[in-house]
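Let the hints inform the model, and build the full structure from the sequences given.
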Amino acid sequence: MSPLTPEITLCPLPQTDGSCQYTCPTSRTTILTSVNGPLEVRAKDELPNDATIEVIVKPGIGVGGVRETRLSTLLQTTLKSLILTTHHPRTLIQIVAQIVQSEDHTSIPLLLSPLLNSTILSLLIAGIPLRTTGWSIHLAVLPANTPIPAAHKDTILPNEEGESAEEGAMETDEGEGREVIVRNPGRVLLSKAKSSHTLVFSKEGQMLLIESVECSEGVGGESADGQGWDIEEWLRIMRIAKGLCCGEGVEVVRDALGDRKIF
Amino acid sequence: MTGTAFDSIPTDTNKYVYQMASPAPMSLEPHGHIPKPPLTFSTSLFRHISPTLFLQRHLLQNPPTRPNGRQPHQYRDFTLTTNSLSHAHGSAVVRTGDTAVVCGVRGEILELAPGDDPSRFETYHHSSTSAVHSYGSRGSGGASWGELITINVELSTGCSKKYPLGPPGTLAQALSDQLRELAVVSKLVNLSSLGIYNPEERHDPTVKPRGYWCLYIDVLCISLDGNLLDAAWYAIVAALVSAKLPKASWSQAEERIFCDGSSHHPILLRRSLPFVTTFAVVPICESTGMDAIRCSGNISTCIVLNDPDSYEEEEAIETLAVLSTVVCEDSDVDQINAPSMRTRVEKIEKTGGWNLEESQIIHCTHLAAAKTRDYDRVLLREGLDAVQI
Numbered sequence: 002m003s004p005l006t007p008e009i010t011l012c013p014l015p016q017t018d019g020s021c022q023y024t025c026p027t028s029r030t031t032i033l034t035s036v037n038g039p040l041e042v043r044a045k046d047e048l049p050n051d052a053t054i055e056v057i058v059k060p061g062i063g064v065g066g067v068r069e070t071r072l073s074t075l076l077q078t079t080l081k082s083l084i085l086t087t088h089h090p091r092t093l094i095q096i097v098a099q100i101v102q103s104e105d106h107t108s109i110p111l112l113l114s115p116l117l118n119s120t121i122l123s124l125l126i127a128g129i130p131l132r133t134t135g136w137s138i139h140l141a142v143l144p145a146n147t148p149i150p151a152a153h154k155d156t157i158l159p160n161e162e163g164e165s166a167e168e169g170a171m172e173t174d175e176g177e178g179r180e181v182i183v184r185n186p187g188r189v190l191l192s193k194a195k196s197s198h199t200l201v202f203s204k205e206g207q208m209l210l211i212e213s214v215e216c217s218e219g220v221g222g223e224s225a226d227g228q229g230w231d232i233e234e235w236l237r238i239m240r241i242a243k244g245l246c247c248g249e250g251v252e253v254v255r256d257a258l259g260d261r262k263i264f
Numbered sequence: 008m009t010g011t012a013f014d015s016i017p018t019d020t021n022k023y024v025y026q027m028a029s030p031a032p033m034s035l036e037p038h039g040h041i042p043k044p045p046l047t048f049s050t051s052l053f054r055h056i057s058p059t060l061f062l063q064r065h066l067l068q069n070p071p072t073r074p075n076g077r078q079p080h081q082y083r084d085f086t087l088t089t090n091s092l093s094h095a096h097g098s099a100v101v102r103t104g105d106t107a108v109v110c111g112v113r114g115e116i117l118e119l120a121p122g123d124d125p126s127r128f129e130t131y132h133h134s135s136t137s138a139v140h141s142y143g144s145r146g147s148g149g150a151s152w153g154e155l156i157t158i159n160v161e162l163s164t165g166c167s168k169k170y171p172l173g174p175p176g177t178l179a180q181a182l183s184d185q186l187r188e189l190a191v192v193s194k195l196v197n198l199s200s201l202g203i204y205n206p207e208e209r210h211d212p213t214v215k216p217r218g219y220w221c222l223y224i225d226v227l228c229i230s231l232d233g234n235l236l237d238a239a240w241y242a243i244v245a246a247l248v249s250a251k252l253p254k255a256s257w258s259q260a261e262e263r264i265f266c267d268g269s270s271h272h273p274i275l276l277r278r279s280l281p282f283v284t285t286f287a288v289v290p291i292c293e294s295t296g297m298d299a300i301r302c303s304g305n306i307s308t309c310i311v312l313n314d315p316d317s318y319e320e321e322e323a324i325e326t327l328a329v330l331s332t333v334v335c336e337d338s339d340v341d342q343i344n345a346p347s348m349r350t351r352v353e354k355i356e357k358t359g360g361w362n363l364e365e366s367q368i369i370h371c372t373h374l375a376a377a378k379t380r381d382y383d384r385v386l387l388r389e390g391l392d393a394v395q396i
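So the protein sequences, as listed, match chains A and B. Residue numbering for the first sequence follows the working numbering, starting at 2 and increasing by one per position. Residue numbering for the second sequence follows the working numbering, starting at 8 and increasing by one per position.
By construction, these hints were calculated from the structure, which means they are not laboratory data. Quick caveat, the model's predicted, so the values are computed rather than measured. Among these hints, one or two may not hold up.
[To be verified] In the SDA-like style, the derived pairs of lysine to any residue whose C-alpha atoms are separated by at most 25 Å in a straight line are:
1. 168(B) / 51(A)
2. 195(A) / 29(A)
3. 169(B) / 42(A)
4. 204(A) / 324(B)
5. 59(A) / 161(B)
6. 193(A) / 104(A)
7. 251(B) / 267(B)
8. 243(A) / 370(B)
9. 193(A) / 27(A)
10. 168(B) / 42(A)
11. 215(B) / 119(B)
12. 195(A) / 144(A)
13. 168(B) / 43(A)
14. 195(A) / 188(B)
15. 59(A) / 97(A)
16. 204(A) / 291(B)
17. 204(A) / 77(A)
18. 45(A) / 57(B)
19. 195(A) / 125(B)
20. 243(A) / 308(B)
21. 243(A) / 373(B)
22. 45(A) / 175(B)
23. 169(B) / 50(B)
24. 215(B) / 223(A)
25. 204(A) / 367(B)
26. 215(B) / 218(A)
27. 251(B) / 224(A)
28. 195(A) / 369(B)
29. 81(A) / 244(A)
[What the hints assert, rightly or not] Label pairs and their in silico Cβ distance ranges:
30. 321(B) / 255(A): 33 to 43 Å
31. 55(B) / 91(A): 14 to 24 Å
32. 261(A) / 370(B): 40 to 50 Å
33. 50(A) / 71(B): 19 to 29 Å
34. 133(A) / 370(B): 19 to 29 Å
[As the list claims (entries may be wrong)] Listed next, the stretches of chain A that the computed footprint assigns to chain B, with coverage defined by at least 3 CB atoms under 8 Å from CB atoms of chain B:
35. 74–84
36. 230–242
Even glycine gets a Cβ: it sits at the ideal position worked out from N, Cα and C.
And the structure:
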C-alpha cells in the first residue's frame with residue numbers, strides 16, 4: 002500500500018443510507034460524511050424535474066459560519082452535475098459532512114479535497130445514481146529550494162523528464178531553481194507554497210471543479226506585483242492532476258469499494 | 008418549414024412570432040371550414056415557457072447572438088463613479104448593465120496592546136498556530152481574527168426578486184467569503200502601510216507600530232442582473248484606490264492615537280491591479296425540438312458567455328471565474344497598450360458541469376486580459392478626473 006493512499010472507512014454510521022470516514026494520509030484531515038436519500042422534500046425546495054441536493058458542512062469546532070456556507074456551495078454545485086438528479090424528481094438527497102479533524106479549520110485548500118472524496122464515496126455507498134465518479138486531488142507548488150521534511154518526501158511529484166524526486170532535489174542544490182509540486186500538503190508545507198490547486202476530475206478525465214489560488218505569504222502591495230502564474234504553467238499542473246485522478250484515483254475508489262459490486 | 012414550434016430561429020426579437028404548429032396548406036382544408044389561425048405567441052412568452060431552448064436557439068444562430076443582443080465574448084459596458092459617499096473614507100459606484108453596486112470603505116483604528124505581536128497583522132495567508140487560535144478566529148461576519156480588511160456583501164436591499172429581505176442568504180454569505188478570498192489571494196493592500204507609528208521614532212525601521220487602520224469594506228447591491236462578483240470586486244478595488252484616510256499618529260505625551268484630517272494616510276496598493284472576470288458555460292444541443300431539453304446528459308458542445316446576466320446565469324451549468332492582472336514589463340503607465348505585457352493568472356475557480364475544455368480556458372484567460380485592460384483604463388481615467396476636480 003502506498004503511503005499516499007487515504008484511510009477510508011465505509012459505513013461508519015449504520016443508520017444512514019451511505020456514510021464514509023476519510024482521512025488524508027499526509028495532512029491528517031479527517032472528514033465524516035453521511036448521505037440520505039431520496040427523501041421527502043420540503044415544499045419550498047421541491048423541483049418538478051430534479052432531485053434537490055442539500056449539502057450541510059459542519060465545522061470541527063464552533064458553529065458554522067460563512068466559510069462553511071461557501072464550502073457547502075462548492076460541494077453542492079459539483080455534486081449536482083455528478084448526480085443524475087432527473088432520476089429522482091421531487092425528492093431530497095441530503096449530504097452532511099462533519100469535519101472531524103483538521104490542521105486549520107478555516108482553510109478551504111486543506112478541507113475541500115477530503116470533503117469531496119468522502120462525499121463521493123458516501124454517494125456510491127448510498128446507491129444514489131451517478132453520471133460517473135470523480136476524484137479530487139490537492140497539489141501545491143513550492144518554490145525551488147524549499148526544505149521538505151523527510152516524512153513528506155514521497156509526496157513530491159517527479160517532473161516530466163522522468164527524473165525521480167531525489168534527482169530533482171539534487172538539481173535545485175546546484176542552483177538551478179526548479180519549482181517542486183507536492184501532493185496533499187499539510188498546513189506547514191502549504192504555508193510555504195506559492196500556489197494551491199484543488200482539482201476534481203471524473204474518471205473519464207472531465208474537469209468537474211477547479212479551485213486554484215495563489216497562496217504565498219507576504220505583506221502585499223507592490224511586493225505582490227507579478228505573482229500568479231502563466232496559463233501554460235497552470236495547464237501543466239492541471240494535466241498532472243488529471244493523470245493522478247484518472248489513474249490512481251479510480252484505483253483507490255475501486256479498492257475501497259472492493260467486493261461491494263458497485264463499479 | 009416543418010417540424011415543431013421551436014424550430015424557428017428568432018432573427019428579430021421585436022416582431023418575430025413563433026408558430027405553435029405548422030399550419031396545413033389552405034387548399035387541403037375541407038370546404039366550408041374557415042382554417043383556424045395558427046397559434047402564435049410572442050418571443051417573451053417563448054422565453055417564459057422554455058427558457059433553456061430560447062437561449063439555445065439564439066446561440067445556434069450564425070454568428071451566435073445572446074438574447075440580450077451581445078456576442079458570446081462581449082461584456083457589458085460599465086460606468087464607475089468614485090467618492091460619491093461623503094461619510095465613507097472611500098467609495099465607488101459601479102454599474103454594468105442592470106447590475107449596480109455601491110462599495111464603501113471605512114477605516115477604524117485598532118490600538119495595539121503592549122503584548123500584541125504585530126507580525127500577524129502584516130502577512131497575508133498567516134497560518135494560525137493552533138486549533139485554539141483558529142477557534143478564536145471565528146469573529147462575526149466570518150472575518151478571521153488578525154485580518155485588517157473585512158469585506159461584507161449585502162444583498163437584501165430589494166435588488167432582485169430572488170433575494171428577499173431578511174438575514175443574509177447562501178449567495179450573500181458565499182460571495183462575502185469569495186471576495187475576502189480575492190483580497191487575500193491578490194494581496195491588494197500593502198498591510199504594513201496601514202500601520203500607525205509614533206512620528207518621532209518613524210525613521211527607525213525596528214520600531215513596532217502603535218496601532219493599525221482596519222478597513223471595513225461594505226458592498227451593497229442596489230440592482231442585480233447577474234455577475235455580481237465582477238462588479239463587486241471592481242467596486243472594491245476602485246473604492247480602495249480612491250480612499251483617503253486621515254493622517255493618524257501616536258502621541259507619546261497623551262499616549263493615544265490622534266487623527267489629522269488635513270493630510271492623508273496613504274494606503275499602498277499594488278501597481279498592477281488584479282480584476283476578476285466571470286464566464287458562464289451554456290450547453291448547446293444540436294438536435295432540434297423538445298429533445299434538446301432532455302439531452303442534457305450527453306451534451307456535445309458548450310458555449311462560453313462573458314459577463315452573464317441573471318437569465319444566462321440561471322441557465323448556465325458551469326461558471327468560471329478568473330482573477331488576473333496585466334503586468335507591464337515597462338513600468339510606464341502610458342504604455343498600457345504596449346506589446347510587452349504579460350497576463351498573470353492568480354486564481355481560477357470553476358464549479359459545476361464537466362464540459363469546459365482546456366482550449367476554452369485558455370480562450371477565457373485572453374478575454375479576461377482584455378477586460379482587465381479595460382477596467383484599468385476606466386479606473387485611470389476616473390482617478391485623473393478626481394484629481395482635476
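These are the hints, each one checked on the structure:
Between the alpha carbons of residue 168(B) and residue 51(A) the distance comes to roughly 22 Å, so the proposed pair stays at or under 25 Å and holds. Straight-line distance between C-alpha atoms of residue 195(A) and residue 29(A) comes to about 21 Å, which keeps the hinted pair within the 25 Å bound. At roughly 20 Å between alpha-carbon atoms, residue 169(B) and residue 42(A) fall within 25 Å of each other, so this suggested pair holds. Distance check on the hinted pair: residue 204(A) and residue 324(B) sit about 19 Å apart at the alpha-carbon level, within 25 Å; holds.
Annotation: proposed proximity of residue 59(A) to residue 161(B) holds, straight-line Cα distance about 24 Å (limit 25 Å). Proximity of residue 193(A) to residue 104(A) is assessed by CA-CA distance (about 15 Å); at most 25 Å being required, the pair is judged to hold. Of the pairs offered as hints, the one joining residue 251(B) and residue 267(B) holds, with about 12 Å between alpha carbons and a cut-off of 25 Å not exceeded. Using a Cα cut-off of 25 Å, the hinted pair residue 243(A) and residue 370(B) holds, with the two alpha carbons roughly 20 Å apart.
Simply put, residue 193(A) and residue 27(A) have alpha-carbon atoms about 16 Å apart, close enough for the 25 Å limit, and the pair holds. Restraint check for residue 168(B) and residue 42(A): the C-alpha separation of about 23 Å stays at or below 25 Å, so the hint holds. Straight-line distance between C-alpha atoms of residue 215(B) and residue 119(B) comes to about 10 Å, which keeps the hinted pair within the 25 Å bound. Restraint check for residue 195(A) and residue 144(A): satisfied, since their Cα atoms lie roughly 6 Å apart, inside the 25 Å limit.
Between residue 168(B) and residue 43(A), the direct Cα distance comes to roughly 21 Å. Compliance with the 25 Å bound is thereby established for this hinted pair. Distance hint between residue 195(A) and residue 188(B) is fulfilled; the C-alpha atoms sit about 15 Å from each other, no more than 25 Å. At roughly 7 Å between alpha-carbon atoms, residue 59(A) and residue 97(A) fall within 25 Å of each other, so this suggested pair holds. Between the alpha carbons of residue 204(A) and residue 291(B) the distance comes to roughly 23 Å, so the proposed pair stays at or under 25 Å and holds.
About 19 Å separates the Cα atoms of residue 204(A) and residue 77(A), which keeps this hinted pair within 25 Å; it holds. Restraint check: the Cα-Cα separation between residue 45(A) and residue 57(B) comes to about 22 Å, which is no more than 25 Å; the hinted pair holds. Under the criterion of a C-alpha separation no larger than 25 Å, the hint pairing residue 195(A) with residue 125(B) is consistent with the structure, at around 23 Å. Note on residue 243(A) and residue 308(B): the hinted pairing holds, with a Cα-Cα distance of about 21 Å set against a maximum of 25 Å.
With a C-alpha separation of about 23 Å, the suggested pairing of residue 243(A) with residue 373(B) holds against the 25 Å cut-off. A threshold of 25 Å between alpha carbons decides the hint, and for residue 45(A) with residue 175(B) the separation of about 18 Å falls inside it, so the pair holds. Distance hint between residue 169(B) and residue 50(B) is fulfilled; the C-alpha atoms sit about 23 Å from each other, no more than 25 Å. Our distance criterion of 25 Å between C-alpha atoms is met by residue 215(B) and residue 223(A), whose separation comes to about 21 Å.
At roughly 21 Å between alpha-carbon atoms, residue 204(A) and residue 367(B) fall within 25 Å of each other, so this suggested pair holds. Annotation: proposed proximity of residue 215(B) to residue 218(A) holds, straight-line Cα distance about 20 Å (limit 25 Å). Restraint check for residue 251(B) and residue 224(A): satisfied, since their Cα atoms lie roughly 22 Å apart, inside the 25 Å limit. Note on residue 195(A) and residue 369(B): the hinted pairing holds, with a Cα-Cα distance of about 21 Å set against a maximum of 25 Å.
Distance hint between residue 81(A) and residue 244(A) is fulfilled; the C-alpha atoms sit about 24 Å from each other, no more than 25 Å. Between residue 321(B) and residue 255(A) the C-beta distance comes to about 37 Å, which sits within the given range of 33 to 43 Å. Distance hint for residue 55(B) and residue 91(A): a CB-CB separation of about 22 Å, consistent with the stated range 14 to 24 Å. The given range of 40 to 50 Å is respected by residue 261(A) and residue 370(B), whose C-beta atoms sit roughly 42 Å from each other.
The given range of 19 to 29 Å is respected by residue 50(A) and residue 71(B), whose C-beta atoms sit roughly 26 Å from each other. For residue 133(A) and residue 370(B), the hinted distance range of 19 to 29 Å is satisfied, since their beta carbons lie about 25 Å from each other. Counting residues of the region 74–84 of chain A whose beta carbon lies closer than 8 Å to any beta carbon of chain B gives 6, which meets the minimum of three for the stated coverage. For the region 230–242 of chain A, the assignment as covered by chain B holds, since 6 residues bring a beta-carbon within under 8 Å of that chain's beta-carbons and 3 suffice.
Of the hints listed earlier, there is not a single one the structure fails to meet.
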